[in-house]
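Here the protein sequences line up with chains A and B, keeping their order. With our numbering, letter number 283 in the first sequence gets 283, and the count goes up by one each step, no holes. With our numbering, letter number 179 in the second sequence gets 179, and the count goes up by one each step, no holes.
Because the hints were derived from the structure by calculation, they are not lab data. Please read all numbers here as calculations on a predicted model, not as lab measurements. There could be a bad hint or two in this list.
[Unchecked claim] List time: in silico BS3-like cross-link candidates among lysine-lysine, alpha-carbon distance up to 30 Å:
no., chain 1, residue 1, chain 2, residue 2
1, B, K180, A, K324
2, B, K84, A, K354
3, B, K81, A, K350
4, A, K350, B, K131
5, B, K59, A, K226
6, B, K70, A, K183
7, B, K84, B, K70
8, B, K12, A, K183
9, B, K275, B, K137
10, B, K163, A, K176
11, A, K176, B, K188
12, B, K131, A, K358
13, A, K358, B, K125
14, B, K32, B, K163
15, B, K454, B, K370
16, B, K180, A, K183
17, B, K180, A, K367
18, B, K275, B, K209
19, B, K32, A, K367
20, B, K209, B, K437
21, A, K185, B, K12
22, A, K117, A, K98
23, B, K78, A, K185
24, A, K350, B, K180
25, B, K242, B, K441
Letter by letter, the chains look like this.
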Amino acid sequence: MREVAIVSRKFAVENSHTLSVAQAHGAYKTLEKLHTLAPLEIIEIIKESGLRGKGGGGAPAGAKWALMPQESERPSFVVINCDESEPGTFKDRQIITKDPHLLIEGILITCYAVKAKHAYVYIRGEYAQYQDVLQGAVDEAYVAGILGEVDVTLHRGAGAYICGEKSALLESLEGKRGHPRLKPKQPEPEWYFGNPTLVNNVETIASVPFIMEHGAAAYRAYGTEKSPGTLLFAMSGHVEKPGVYEAEFGVSMMDYINHYGGGMKNGKKLKAVIPGGASTGVMTAAEADNVQLDYESLRSMGLSLGTGGMIVMDEDTCMVSVLKNLLEFYHEESCGQCTPCREGTGWVDKLVGKILDKRGSSEDIDKLLEVAETMNGKTICVFAPAVSAVIVSFLSRFRDEFEAAL
Amino acid sequence: MSEMIEIIVDDKTYRAEEGSLLIDLLIREEIKVPYFCYHESLGADGNCRMCMVEIAGQKRPQIACDTLVKSGMEVNSKSTKIEKVHTDILELELINHPVDCPTCDQAGECSLQDLYMDYGLHDAKVTIVDKVKHDKKVDLGSNVMLDQERCVLCARCTRFTDKITHTHELGIIGRGDEAKVSTMPGRKLDNPYAMNVVDLCPVGALTSKDFRFHQRVWFLQSAESICHGCAKGCNIYIDHNKMKYQDDVIYRFRPRRNDAVNGFYICDEGRLSYKELETNRLESMLYDGVVVDEHEAIAQYKSLLTQYQGRVSVVIDANLYSEEIEAIVAYAERIGAKVFAPLECYNDPSFADDMLKSAQRAANYGAIVKMGLETNMPSDAGLIINFNHPTHFNAEAEIHFSTHKQESNALLLPMAAFSENSGSLINEVGLEQWCEKAVEKNSPAPTVLSWLEKVEG
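Model the full structure from these sequences, guided by the hints.
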């Protein structure tokens, strides 16, 4: 397996969150080069690099940047999505604690490209201690004069999972209840108080300095044709060495788990993997044996790569209780705006609870799938469709376990 | 204005403005579409997900309230697939609903009930016994009671306080199926239009403290009328009922949509002004504080008229119907009396706002102005014949046609209130509107016109 460290290059360096150490290891070097390029040239480089959003959706970043107006009477904003709340996902917090200056450098490049003077970092409410590290780095950058022309403001959320959805995030940032907005009819930027706004994930922006420094081709040298570059893949669950390890797209899942994770914990057999955060569905051990870690491979299985945060489960795992655990989370975190999600998440949670308590009947399994179908594709955001896909992925692969629990 | 284009709904062609909302067309053309959250004055919020339709070329069903009409669009609102979507979402809406219709005041005018009759009518698949519990009796203020369990979270009420009154008292708190409507901490629902949220609420979550438990809505009859609270001319329904062995009674006023005047709303003061029609009414003829019969009253009337011949002034209330005012003016001419319609007393700037409330608190203000009647106070009055004007006038003698009881030694003659008679009104901007007769009392007081016939007969 080819080792690569684009975003994680300073992770092993001691005190890399301080400006002096970061600068000694090359931080902010690209800023000199920045002003030799026009904003549109930078957007072109990002497009060429094939950089994709690393918050779960995998949408091309360059195309999103290009939606931002270069001429606008209203101010433009950049918002960094650090509301990392997807169960199984804990990569962005590595960046803001181990290399916050890489993020700030990425923010400065992004702001220059989309002509924004102010960036907000929206941080998950529970990340208070990590926010302190990032705030320290921001303060240092202000003192050094790196920030000032461009402002960076950190904003802590109040702990709602849905605020990771970009339009709910912006509602929350505007001081309102975090409800996803109705989607626009044509491609357009996001809007923060009616101003054109770019919302990108932490890791996406942290990947930008490398592309600026080495060029689009250097980034494309990693990964696959359609999923270029790297991702801070992560593992949790029944592996020997859970953690965050950067790898290029397209590596084999089992190679990754064995190489970085040190294989299964206590020599147990693998049973199932949730590939990229709770909402990406579940796959069997046999499927995991043959899958590459890139967006297209996962999609072709009816799953998704998400954030690349794998949850690895061994042979002793009860899949009914895993699904119950996930559905409890969705039941708690549905924002409650759309009827199918608000009422559906509660219903499926209670149905699986019933099966887990051995009070279920085979009708309950059919009902579960029926409710999942109703929840799919009928809501404002993708929360309910994701829950629906999770249920379908569990029942299509592990139905016998659910039936055995009746 | 955008271009008019053609679209097809259920194989029929309709014309609509390009870029307008599909749901507006469906509502206008009376094509059945279920919805809770959409409201023409509040716009689309897209949260109830009920108004789904199929659109040719779109993989998934779309909500009509967030679909803009495009030329050549083909919409299917009735396919088996889309009916199933409606049924399924409605079922979800019902899983935590208490289904306490027998004790719910909204029963009979509830969207949830209506839609269940259209799309439900199935045995519940839900076997959950532990429905989510919330407060069932929250006094929000301003006569509005909240039952959080019945709420479908359509957010019409919160959007009303955000977008219409801009008072922001209401919000939704909590997530998922724990979400509920609430007032902001330390606040009450408190604005002059607050009770409109009761009409906006599609279900029994918000009910009127003033109306609830007094009458089942299916017993009520509605008459189209105009509020008499001020000169704005807000269109209302008078909801009334005559129960067996009892009198015909008004239970409530409700706003009646008129985009040229009041839109969808009325103010709370106007809404509650029905009470005045039911309290302190003058029921008998009185002279010098003593009850007299009609024969004696008319004899006294004629005697006073003869006694003060040449020194008679007629005073007209600016709330009477135009037809009544015209008849009084003609009558005054016949008996050689001067006519006054003093307007000063109706002027109340403290009542006015920039929404619906006018400083001129007389329903037929426009007619008095249009007819060019004398609006000063009567002077040199021997006898004043007062047709329900609220001012007390100094005169040697007074005949007072009145809807309500008065402290007076005058000849007091009871007359019908506007709800007991029909007629037209002209509002402050000159718009003429018609009021239906609503109430038929067991012993009705004579109208102005029948009084004039009696005293001239």
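message: Need the list of violated hint numbers for this structure, in ascending order.
response: Checked against the structure, no hint fails, so every one of them is satisfied.
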